[in-house]
Amino acid sequence: MSWLSLLVFSPLIGILLLTITPKHNANMAKLVGVIGAVIPFLLSLIVFQTFHAGNELSEKLTWMTLGQDAFQFTINYELGVNGFSLILLLLTTLISLLSMVIARTQVKTSWRSYYILCLLLELGILGVFAAENLILFFIFFELTLLPMFLLIGKWGGLEREKAAYSYLIYNGLGSAALLIVFVALIAKTGTSNMTELMTIVPQLDDGFRMGAFIGLLLAFGVKLPIIPLHTWMVRVHVYAPTALVMIHAGVLLKIGAYGLIRFGLGFFPAEFENMAPLIAILGIVNLLYGAFIALVQQELRRILAYSSVSHMGIVLIGIAAVNEAGVQGAIFQTVSHGLIAALFFLLVGVLIERTGTTELKKLGGLAKVMPVTAGVLLTAALASLGLPGMSGFVSEFMAFLGLFETLPILAAIGTLGLILTAVYMLRAVLNITFGEGPTYPENLRPLSGTEGWPVFILLGMIVLIGVYPTVLTDMLSTTLETILIGMGG
Amino acid sequence: MLEYAWIIPVFPLLSFVLLILLRQTVTDKSSYIGIGLSGVSLILSGVVLLAQMSQGNLIKSVSWLSIGNIELTVGYLVNPLNAMMLVLVSLVSFLVHIYSMGYMKEDSRLNVFYAYLGLFTFAMLALVLSPNLLQIYMFWELVGLGSFLLIGFYFYKKEARQAAKKAFIMTRIGDIGLLIGIILLFWQTGSLELTSIFAAVEAGAMEEGMITLIAILIFVGAIGKSGQFPLHSWLPDAMEGPTPVSALIHAATMVAAGVYLVATLFPLYEASETAMLVVATIGAFTAIFAATIALVQKDLKRVLAYSTVSQLGYMMLALGSAGYVAGVFHLMTHAFFKALLFLAAGSVIHAVHTQNIEKMGGLWKKMKWTGPLFLIGALAISGFPLLSGFFSKEEILLAAWGEGHYVLFVLALIAAFLTAFYMFRLFFMVFTSPAKTNNVVKESPKSMTFPMIVLGALAVVAGYLNTPWFGTFLGDWLTAGNGFVEAHHAEGPIWIMLVTILLSLGGIYLAYVIYHKKSLERDFLSSTFPIAYTVMYNRYFVDEFYQMTVGYGARALGYLGVFLEKYIVNVIASLCSEIVQGIGKQGSKLQNGQVQTYGAVVFVGLVIILAVAVMQGGVFQ
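Which chain is which? The protein sequence lines are A and B, in order.
Here the UniProt record's numbering is used: the first residue of the first sequence is 1, the next is one more, and so on.
Here the UniProt record's numbering is used: the first residue of the second sequence is 1, the next is one more, and so on.
Check each hint, because a few of them may be wrong.
[To be verified] What follows is a list of derived Cβ distance ranges for each label pair:
no.	chain 1	residue 1	chain 2	residue 2	range
1	A	Thr-439	B	Val-542	36 to 44 Å
2	A	Trp-453	B	Lys-60	45 to 53 Å
3	A	Thr-189	B	Leu-21	51 to 59 Å
Just so you know, these hints were derived from the structure itself, not from any lab.
Since the structure is predicted, the reported quantities are computational estimates derived from the model, not experimental observations.
Backbone N, C-alpha and C fix where the C-beta goes; we use that ideal spot for every residue, glycine too.
Turn these sequences into a full structure, and let the hints steer you where they fit.
In structure tokens, the structure reads:
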């Protein structure tokens, strides 16, 4: 077994350990849960090291054979990584770990089952990013659905059940679309290996390609999400437990971007180029629609949800540029938003725990009572609005740099979103941190140690990418070339 | 030494990091950390300036971000303009650091204040060292951050919150113009390095229309940062910040960044007459527009803020009239006398605890240092002969005249008269009118008067760097070290100088008559032109206009989005889920456990299959 398989299935160790921990020993469950998340994190570092040393990571086993003779069909177990998926693997293990550390204080009941489901979710996500063939990808993709559904439904807030169901219905429909596309592709080409498909698919006939492309856009459009497929995601942001939203907004949504780049750009470069204006328009609609709604919301989690919608628009804008700058910008935005969203929801959790509310009207003057938390919240907002020196700037700059080359007019319209982001972010955060506050409970705890270091790790990553973006570009250069090889120019 | 120029911004950054990390443990010593580290920057800036004069320019850069074959770099550039800005910024910053020791002494968040000052100084120094547009843009945003944090320093005040937010957003609107300009320029020239861009412009690689578009977009950024019309209204509100900050950021350095940007990109602007005309027109209009508002404001700092806006307009007018040297020269002299005026105003506010000039008076005798120093500043900005402002303003007027912008020239002349008038309105009301209260007023401590004395001396002598009488040292140096800028020696008829002197003295005299001798009624003008007075007092209702249009417009769109969300998207979504559920329900009805139903379904199915088979003529053949 290679490191990659170990990494993908490593959350199982934690799950097994958790099943044998005594049911009522909460502290033990928390400890085991965190250890269960540390293992994949360490393994992902090993995988990273191996990748950097230039060693082979991919693996291939024959899994099962269906049918007979001429209709024989083999399904392989194939894992592999490229620069992009490796970055996402690292992001997944890191954010899962931080989320589970935070969950110790922010989740209030049944830690044991919470951690089991979280680790299962992590397994699914890791599998999605490491899968090298469509069938495996789909299985892992489905594997993320169920734990998430249960986690929202059981540990969520006010309307948790509604949120859980709408999550399931939307993503179920997305999966259905994905399944149809995958089955059609496999039936048509006889292979499910992604690398092989990258060369075969562009030779298929136009009508089929267009249909499959639209199916993919729909499937990953739910995940990203593309407007108007986003309502489930707003509900999850608002009603899921905040520690879970760190994973949800931080990495789970990134499957949409990953799929669009890996399959969309990888399999259907010609369609992508033809439909680039449409995708750019979708991106701009996401960017502006999300921003305008965020501008008038009264509750922080809703604002952040629409801000996610808005920021995912930048991913679409970058992809629509169909050039190196744009795609690299989209990838950067994927990572950057993951980090920033995780940081935000960590702080939202802190805020809820201390003050019991996220309503803007009931908050204010937080800088006086919790200066560090307020400072970090402001920093997160600045990162989110794309201040240079932090990761958001690099990604926005590249995405727009890309789009200005190919579709300058649309890009110019899109830049309006950059102003709006500043407006709604500052409105929300200054309302909470500045001004006169309500009378808070006496004993507002400052940011504690266990909350502190996850915050500073996330901040550190955000600043690192912003100041020294080469950390990511080095890993991406070959991947980008592979993805863009199908492009005309 | 030039090779180490990059280290200059590192010290203030270090100050920021140290003060943030150490937090409460250094509260009362934070001023020493801040002063010490900014002092090091000042010394090094001086050394770099001297080194530049002897060794010439230097440019160095390293790779920062690669996108495929595109290589974006960061680095540093030392040329005369940059070296001058380095010294200017670190000097004013150093003085403000010292001044704050007295002014902010009682503030419990002194360490935060000095940390922010350090952050700002770092960004500003790094900005003026930047050799490429991407780096300029990055630090351009970061100085905005410093400004934002310091305006909002008194975060618990509602006004401070609004002002900070407004400053950030209005400058960001400008910044987006700048960003688009930079990106367009990149796709036109394939590089963001200033040198390659100028080479491309000189080689005629771009169409003039494109150059005009890009130059104007970049100018939009400068409009935002330098508080030019129509993005000026954040700057007066920024006075909510502590006064030392107003002196450093909102008078001497950051707001001049827009002027610096246009000056840095001067070859690009020179290539487009339209762009030059736009710059000059906006500048001249802003100069007079802001001056009229300054006439009637009652808040000491706001008058100075509008005065800053107006003076920045002068600098833009100069650049737009091909007066590269004039614009940069005025940038420098203005930094000295305006920082002086703000620090003196801070000293007054520190002593009397109000910013309302109606409540001040009789301070001339009570504040032995502040009074005369304020007078020096006021004389300098009014263009009183032989002080620094006189020479630099003269250069600007000559440039405007020389370019044939006669209308703009007249506007600038009127603005010069208004400047002298409103400055001395301030002076007479604050210092020589009878005292309004019996409160004990004490002169500020030495830490506050010392920086003012230094600035006062500079406000007097800085003009002699570039005079028609003794030599144009500054101008020769600036143009000699910048291969892309030609030396324009603005020369004009001698009557221009006489008229300027007359207007300056006339303004002072009018203020004297109204506010000191009181031989003219104070409300003589406001009662003669009541409508004009109301309009000016309300700052031409610009803020109200923005609120009505942009403010409400954006919110309306927001509510429209919420409406769409609620009644369109959600309805369609629930329709979808209902369809799915409906199908599911119909399906589950079939599974009701009644064998008869199952049998019927099986039978019907069989019949259908048979019928299809028969019609196809398939199975039985």
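Hint check results:
no.: 1; hint: A:Thr-439 to B:Val-542: 36 to 44 Å; in the structure: 38 Å, holds
no.: 2; hint: A:Trp-453 to B:Lys-60: 45 to 53 Å; in the structure: 37 Å, violated
no.: 3; hint: A:Thr-189 to B:Leu-21: 51 to 59 Å; in the structure: 58 Å, holds
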